[in-house]
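Asks: Listed here are the chains, written in short residue letters.
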Amino acid sequence: MPKVTIDGHTIEVPDGTTILQAARMIMDKGEGNGENIAPPTMCYYSKLKTSGGYCRTCIVKVSKGSEKDPRPMPKPVASCRTNVMDGMEVQNITSPELLEARKGVVEFLLINHPLDCPICDQAGECHLQDLGYEHGLAKTRYDFKRRTFNLIDIGPYIKLHMTRCIMCFRCIKVADQITNHRYQGMLFRGDASEISTYIEKAIDNDFSGNVIDVCPVGALTDRTFRFKSRVWFTKPMDAHRNCTKCSGKVALWLKDNEVLRVTSRKDKWGEAEEWICNECRFEKKDIKDWVIEGPRHIDRHSVISANHYESLAQLKLDIGKQQKQLNGKS
Amino acid sequence: MSKEIKFNEETLALCHKMMKRYPEGKHKSAIIPILHIAQAEFGGWLSPEVMDYVASILKIQSIEVYEVASFYSMFNLQPVGKCVLDICRTSSCWVRGAEDVVKHLEKKLGIKAGETTKDGMFTIKMVECLGSCGTAPMLQCGASYHENLTLDKVDKLIEDYRTAGKQRSYTDLDYKNTL
Amino acid sequence: MGRKLLIHNDKVPNIHTLEVYRQNGGYASVEKALKTMTPEAVVEEVKKSGLRGRGGAGFPTGMKWSFLAKPPGVERYLVCNADESEPGTFKDRYLMEKIPHALIEGMITSSYALGAKTSYIYIRGEYFYVARILETAIEEAYAAGLLGKNILGTDFSHDCYVQVGAGAYICGEETALLESLEGKRGNPRIKPPFPAIAGLYGCPTVVNNVETIAAVCPIINMGGDEYAKIGIGRSTGTKLISASGHINKPGTYEIELGIPVEEFIYSDEYCGGIINGRKLKAVVAGGSSVPVLPAELILKTDKGEPRLMTYESLSEGGFISGTMLGSGGFIVYDETTSIVKNLYTFARFYHHESCGQCSPCREGTGWMEKILHRIIEGHGKPSDIDLLWDIQRKIEGNTICPLGDAAAWPVASAIRHFRKEFEAYINHPEKIKDAMPII
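Protein chains in written order, with our numbering: chain A, 1 to 330; chain B, 331 to 509; chain C, 510 to 948.
Chain A with its partners taken away, still in its complex shape (with noise of 0.2 Å):
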């Protein structure tokens, strides 16, 4: 099993383990020192076969090969694509010019980007907000025209704001991986290219819906919960329901006790831990749908990681009494 060092913290991986999923398995141990050593990813997705390696954020510093070859890489390599080798080392937060480099691809993410966060449905729990707020500079320094979009709609549920998008082809990679039929895809070429259909189409598959959850930004947004709410306004219930399609285990977005949205649960690093299928994402929105389990701890370093609600007095109550008051509510 070799052994890397990353930022200082040294670790035993398995055969084939990523210079990310190294320092991912750093900081599940607890180790770090108080610091997130985990590079941070837009485009990378560990349930995602041959994701990673196009949006750059993720880039590492290796000051030393391997044992074998101590030879230090020339240029910064893609965490998420390269396996460490034994006796590696790699900076990550230690190297000064490594963070300038990242500084660099945060601000080329940003650059085309609408910055519409205002009244964008992704806000608060937005990976290029939180990459921006920690990685990127306060102003920026382009000052032409931003590239824009039409808005489409991907049949009932979808919608793509491709303005937003930073291309990150998770999407793609569901449609391929999850779905048996792919009607979205990446057209045209450099700044100009775009996820579309290219001729309107809707999307007709049981797990579509799992594009949204993948999405990193608000390029992919569900229709059904479009400006209902701002997501630090919601509350997220762990809740399950029999489904015959997915394992129906979901979080449920609450406004009092109404279901304004179901998604995927995400683990510590914004993935989602099962897909689900969805009947349960659209159609199921009446609380007495689901068994609620109790709340959420959304574990992301963004607004919603306040985890406000779970301190709110009526959150407090016993939940299968909570289930009860509503059902006999409604």
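Errors might be hidden in some of the hints.
Said to hold, decoys possible - Pair by pair, the computed Cβ-Cβ distance ranges are:
no.: 1; chain 1: C; residue 1: Gly657; chain 2: A; residue 2: Ser46; range: 44 to 50 Å
no.: 2; chain 1: A; residue 1: Glu274; chain 2: C; residue 2: Gly826; range: 56 to 62 Å
no.: 3; chain 1: B; residue 1: Lys433; chain 2: C; residue 2: Leu661; range: 53 to 59 Å
no.: 4; chain 1: B; residue 1: Glu340; chain 2: A; residue 2: Gly16; range: 46 to 52 Å
It should be emphasised that the hints constitute simulated quantities derived from the structure, not laboratory data. Owing to the predicted nature of the structure, the values given are computational and were not obtained by experimental measurement. Glycine included, C-beta positions come from ideal geometry on N, C-alpha and C.
Mind docking chains B and C on chain A? Use the hints.
Replies: Showing chains B and C alone in chain A's frame:
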């Protein structure tokens, strides 16, 4: 579109022959050559219907064809004139007067780069280096390279194309034997 | 006169036909390799020759070949990179158009060395007429038993196909080329794995430039050691140079590596000097991607030594005062040329050709083009020069494939060596004169 979107038997047979040049199950490799043929056969551009037809030949999803067709600059996704004048604008051509060629053509044809003449005869399309730097300035129309251009040569070229009145395609060199 | 090994017969009438090509010694390397040598021995000769990739990167070919994985029962492929799209480069087109059999011969000999049963020549779509010339040559070779089953009565069988592209510079990057050949968008792959392990259709693959493959023929004929005697140091053999710009005799020249740059520009054997007796201003020595050098630095290194046409001499001084041999796309600019406007044509090129896959290149190339456009239109800001410098620095080294570097280096070198010209554009827009008329 007046013409039905379907290759004749000979062309279809050629497509199937080309698909066999690749290993079992890898016939998607033939997509670019087939799109070239389709563009030549169906009016010089690739409509969604044409691309869907190519997808059906290759037995792949339409989006895979859209993705490829929209990536490569030789494929036109909008209608174009019968003669598309691809004018190189990169360094070696620029220093030898490519801008003069463009200005001259724009004036002569009464259109701007990127536009098509009203009679549907010519489209001016700016392209990047075509590997004709030693014979700059140059333009490509169909399969032909026109090199060491002067304004007189350009005039003659336009007259010749106009007189012939034919659609020019990259595949003009009898692709039935090529590809 | 230097020695010529690749295009020495280019003026022979009908050299494009198999008959004339063979009368002039063609296919000798196939005869020699298939009948008297083992594949390993062929690889060994290429290693000894010191041949380096002629597409631009200059990686030792023999070493690249020896990396090819050979798992039993798995196909291996040779793919010829004939996507020649680096601005300023047209030597492969010349070779394929004039002497197509030189490439086909190299494909057979190289495939024998690599154990490839199938090879593809991926040629840029715009060269459609050249593809047709190659197809005809391949048909002739099949008819003569040089391709197909049991070539020249040996156990070696081989099929060679021509595949056309459709307009994308990025497909000159070897993994983008493989993607395109597989019928996909030309997006470069993330490496590792390298093509030598998992290339075309996931099989071990060698991708070589046209000129590299053609050079295998003389190497086998004369022996690797003999080939290595030509040239200087690690720059062995001959190289095709595409000469363009403000010179009296633009065209494709075969040089022995090691001749002085000054001789190449001014001798009548090659470029024949600057047009209309004007002064030399700058040179892009190896295709648009390499750093542009002002006259004094292209003719002499910063140590005052004559600059030679070799990989090493051209890169002497690193990026501070040197450049690269690259693809051999040699563009000469005279004193009337605006470096800023020329850089704009390059920046526009890279913006147009970026595949869009990774963020620094997708966003950065467009940004640089916009700033340069503003400058040449007379609306530049004093801060634009430093901004351009910072953007190129943040693209370089941070992208999936070398296109990012290729977009960054011209900007960096133009600012490094011609900063005053940028300042003049920004401070005195009324004086901008950058039209380049037909000569």
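Asks: Looking back at the numbered hints, which does the structure fail to meet, lowest number first?
Replies: none
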